[in-house]
Amino acid sequence: MTTPPSAEPPPAAPIALAEVRYSLPALLKELEGERASGAFTMAKLGQDEIGKLFKTKVSSRARIKK
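Position 47, counted from 1, in the sequence shown is what this note's numbering calls 54; the numbers after and before it change by one each time, with no gaps.
Please keep in mind that the hints were generated in silico from the structure rather than gathered at the bench. Mixed in with the good hints there might be a few duds.
Said to hold, decoys possible - Ranges of calculated distance between the beta carbons of each label pair, as one might list FRET restraints:
#: 1; residue 1: 64; residue 2: 19; range: 44 to 54 angstroms
#: 2; residue 1: 62; residue 2: 15; range: 47 to 57 angstroms
#: 3; residue 1: 25; residue 2: 54; range: 30 to 40 angstroms
#: 4; residue 1: 18; residue 2: 39; range: 37 to 47 angstroms
#: 5; residue 1: 47; residue 2: 15; range: 45 to 55 angstroms
#: 6; residue 1: 47; residue 2: 26; range: 26 to 36 angstroms
#: 7; residue 1: 29; residue 2: 53; range: 35 to 45 angstroms
#: 8; residue 1: 47; residue 2: 27; range: 37 to 47 angstroms
Remember, it's a predicted structure, so these values are computed and weren't measured experimentally. All C-beta atoms, glycine included, are put in the ideal place defined by N, C-alpha and C.
Construct the entire structure; sequences and hints are all you get.
Listed below in structure tokens is the structure:
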């Protein structure tokens, strides 16, 4: 009689990590290009709009009392 196969998956092989280094001038040049692009501006706009959603709203009764 044979034993049924185990429900547990076999152990995963360890992931080899490699260190990647970039030169500072190359990173700064890339950052400058990203800031000049429209995508960066849209991200900033998105953050402003998100901030507006979380601002405390003043009720109309509180405005009348002032």
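Results of checking the hints against the structure:
no., hint, in the structure
1, 64 with 19: 44 to 54 angstroms, "holds, 50 angstroms"
2, 62 with 15: 47 to 57 angstroms, "holds, 51 angstroms"
3, 25 with 54: 30 to 40 angstroms, "holds, 33 angstroms"
4, 18 with 39: 37 to 47 angstroms, "holds, 46 angstroms"
5, 47 with 15: 45 to 55 angstroms, "holds, 47 angstroms"
6, 47 with 26: 26 to 36 angstroms, "holds, 28 angstroms"
7, 29 with 53: 35 to 45 angstroms, "violated, 27 angstroms"
8, 47 with 27: 37 to 47 angstroms, "violated, 23 angstroms"
Checked against the numbered hints listed earlier, the structure breaks hints 7 and 8; every other hint is satisfied.
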